[in-house]
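> Here are the chains, one letter per residue:
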Amino acid sequence: MNRYIAVADAPDWGALLDRAEYFRKHPHADTGLGKNKTLLQLFYNSSLRTRLSTQIAGQRLGMEVITMDLTQGWALEFTDGAIMNENKAEHIREAAGVMSRYADIIGLRSFASLQDRHADYEDFVIHQFARNTQVPMLNLESAIAHPLQALADSLTIRQFHPGHRPKVVLSWAPHPRALPQAVANSFVQGMQRMDVDLVITHPQGFELNPDIVGKTPVLYDQRNALQEADFVYVKNWSSYQDYGLTAPHLTDWMLDHNKMQLTNKAYFMHCLPVRRNVIVTDEVIDSDRSIVLDQAENRIYAAQAVLAELLMDGHER
Amino acid sequence: MNRYIAVADAPDWGALLDRAEYFRKHPHADTGLGKNKTLLQLFYNSSLRTRLSTQIAGQRLGMEVITMDLTQGWALEFTDGAIMNENKAEHIREAAGVMSRYADIIGLRSFASLQDRHADYEDFVIHQFARNTQVPMLNLESAIAHPLQALADSLTIRQFHPGHRPKVVLSWAPHPRALPQAVANSFVQGMQRMDVDLVITHPQGFELNPDIVGKTPVLYDQRNALQEADFVYVKNWSSYQDYGLTAPHLTDWMLDHNKMQLTNKAYFMHCLPVRRNVIVTDEVIDSDRSIVLDQAENRIYAAQAVLAELLMDGHER
Amino acid sequence: MNRYIAVADAPDWGALLDRAEYFRKHPHADTGLGKNKTLLQLFYNSSLRTRLSTQIAGQRLGMEVITMDLTQGWALEFTDGAIMNENKAEHIREAAGVMSRYADIIGLRSFASLQDRHADYEDFVIHQFARNTQVPMLNLESAIAHPLQALADSLTIRQFHPGHRPKVVLSWAPHPRALPQAVANSFVQGMQRMDVDLVITHPQGFELNPDIVGKTPVLYDQRNALQEADFVYVKNWSSYQDYGLTAPHLTDWMLDHNKMQLTNKAYFMHCLPVRRNVIVTDEVIDSDRSIVLDQAENRIYAAQAVLAELLMDGHER
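Chains as they are written, first to last, in this note's numbering: chain A, 4 to 320; chain B, 4 to 320; chain C, 4 to 320.
Any given hint could turn out to be false.
Same chains, same names: a pair is fine if it fits in one copy or spans any two.
Unchecked claim - Below, a list of computed lysine-lysine pairs in the DSS-like style, where the Cα atoms sit at most 25 Å apart:
| id | residue 1 | residue 2 |
| --- | --- | --- |
| 1 | K218 | K238 |
| 2 | K28 | K38 |
| 3 | K218 | K28 |
| 4 | K91 | K238 |
| 5 | K238 | K28 |
| 6 | K91 | K38 |
| 7 | K91 | K28 |
| 8 | K238 | K268 |
Read the hints as simulated data drawn from the structure, not as lab findings.
The following block holds chain A by itself, in its conformation from the complex (with noise of 0.2 Å):
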């Protein structure tokens, strides 16, 4: 795997998934693998889980990583021939040509835009920098993809797996502001490489992209979705066909302890962070059956198993 800017650059989710599993149990293996290594994370976007469970995966491995919050704006001009006369000081040319001097695998989130469906779904600017780097890029959530979060939620079910064939619910739930669809994307394209029986719902207008659900069932009835769930996944994500309508009016959609109970003991999960008696009551994130810390946790050994492979094949080249 020469980067992992979404879930299709896997060659192999099961194996990537084992060796994610390997690092659960042994978190201090491979802390040779990346001596003299630097990995680079750059975040247009704040950050606190994959700031911090993909800073320690590189420690572990032993990589210097170093992390640069761009937060406060770094305005790079994308435009090739541009005359640069204006705000913008450097080029992605220059700017990441250099960085894949400085680093041997770089890291960047930049969210969607909301603004431009059609940017947004070239994931323009994770891709410009691929395009101007000669080291493996890492994403840390994209304007359509989070790939880590994805690999992640795989290992967290079957570290919870119920020993038959799952069934996964992905169910959207409202939220006051728009948020991108990354999350939900890429736990789709998860799920559709685990032998699990994935449903989706949401309210009607909601629907994702068709091109990555694919051939998944879609439900617009939430509580019919839930019957007999093993894994219930919530999450907000803004409509791609009205691109950024949001509907926070949608209360009933929140996920409550009755629509558990239509559920075969299912587990919670989310990816954080959440809100709380919007998304989710009180009631269901603190039950026992709630392993949103482990997700978390998950997010770790998900980042080192990715981080290994980048390294093995960047030393083969």
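The hints should help you fit chains B and C onto chain A, whose structure is shown.
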């Protein structure tokens, strides 16, 4: 010791000072103690000495240290049962829960509001973190306490000990802004655990919390208090009674050379940063009796001692 | 070498370049040299290349590197005797004094004001730090000098050396904002210590400080200057005479392919970041004679060489 939120959390002040003294003599002892352990430092308020000294202390023990600057704000919800549909995106339960999956020790700086004495004196924020983590909490200056500073101050008094039971004077001084009582509170508590004669002096209306002062003598006459002092610790704090009130006009309280003449060639102490010619004259702080840089250096050894104890108790659990 | 504030601080430019070249060939040599040593990097102005390359250099030598971003401001008092009752909470004496208890080398970036030539050309801020620390100071670009860049530039000219004594041209180029003279100053001083023919070219009114230029030939005719050049270093700077004046309208001074045809297949150099199609055309910077990324990479080895010398002299004292 499984947390260090207040001076009282140290079961044996003398033993902790012994350990700090050991690190002053052997700064690179015990470099394996923190191997594969992570210290997470969170700063809601800016920091120079605390940030650097604690980071260096952690690194010397072999820890990975991750520093997060939250001065631009990280609006956590602290209220149980809140319906989180406004501007707070994460609840302390998840925030602290996740961080205790990622870190082995969590340090936090969160200053007093100086608006609500009741909330400040509950030391609400750091206790909310402590309640929701599974790992030891380290106070990097909270609303009412700065126990790492107090330990370094005690260590400095040991270092420059006159041989006899020393007289230590804590004197209020004027300052243009309203400052918390945290440093003064913890200094008093540290001195109360040392074999010293502590005297506090300040203008009327600037009495510290009586629960902290206890039987420590308080004088309103600074010159009288300074007689035969071996150590003079100068510090501004705003009023506890008329909560947050300050008195920059009381310029008579600045420490100068004439006042130092009343002492037993006392050493001059301050936690820094210090406003020259407001708190203390250049002549005093630049004299050979000024030990403010030694105090600052001792912050490293104090932090090393505390981290070492937190790491050892962490191992036992 | 016990500080590196200016090119002149290096007693032997050739020996320093030898050491940098050694690190280019053996980047992970001398990893024990900085064991138990801390490099503190302070940035009053933002930085990509300097921050990353210096951090990586320090880490490769085994140092702990702590980077502090002061771009949001850290208002120090620099005036002796000041009555500090306004907005400055700390004096340089304590700030620098404390940091020299915490760090073994202190790096500082503090750009020119471009308002007060006298203060800028005293290089006031970095010299104030140097005066008040006990440890070596490293210039990460000050008001008038960028000696780490100059060393990397010299190293790059060695790397791409044509075999004969090369002609090196430093050419002014237009820029929409007023930039300091630091890079140009240090480049000139570096070249004056190399076995090269240096020529400077710029519009009238953009003469550099005559004390720095010395006997180096200056031409106002750019095309004439470029004849038979082996290296062309392009850089904007604002006026030294009419201090801080800039001239974005002099677009004729942009470097393009036609001008490069006048040279001896010269290599194109720039310190980056560069404004494409303002300073230089895409055609030139994207050509195979462009060595700007090599320059940037050489920043690591230059910093490694300087840090190594500072560490070794630190040991001797």
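> Next step is simple, just say for each hint if it's right about the structure.
Cross-check of the supplied hints:
For the homomeric pair K218 and K238, the shortest alpha-carbon distance inside one copy (20 Å) is at most 25 Å, but the shortest distance between copies (57 Å) is not. When the C-alpha separation of K28 and K38 is checked against a cutoff of 25 Å, the pair qualifies both within a copy, at 21 Å, and between copies, at 18 Å. Taking identical chains as interchangeable, the C-alpha atoms of K218 and K28 are never at most 25 Å apart, the minima being 35 Å within one chain and 54 Å between chains. In this assembly of identical chains, K91 and K238 lie within 25 Å of each other by CA distance solely across copies; the values are 17 Å between and 36 Å within a copy.
In this assembly of identical chains, K238 and K28 lie within 25 Å of each other by CA distance neither inside one copy nor across copies; the values are 29 Å within and 51 Å between. Taking the shortest Cα distances, K91 and K38 never come within 25 Å of each other, neither inside one copy (36 Å) nor across copies (40 Å). In this assembly of identical chains, K91 and K28 lie within 25 Å of each other by CA distance neither inside one copy nor across copies; the values are 47 Å within and 35 Å between. Only within a single protomer do K238 and K268 lie at most 25 Å apart by alpha-carbon distance; the minimum there is 19 Å, versus 59 Å between protomers.
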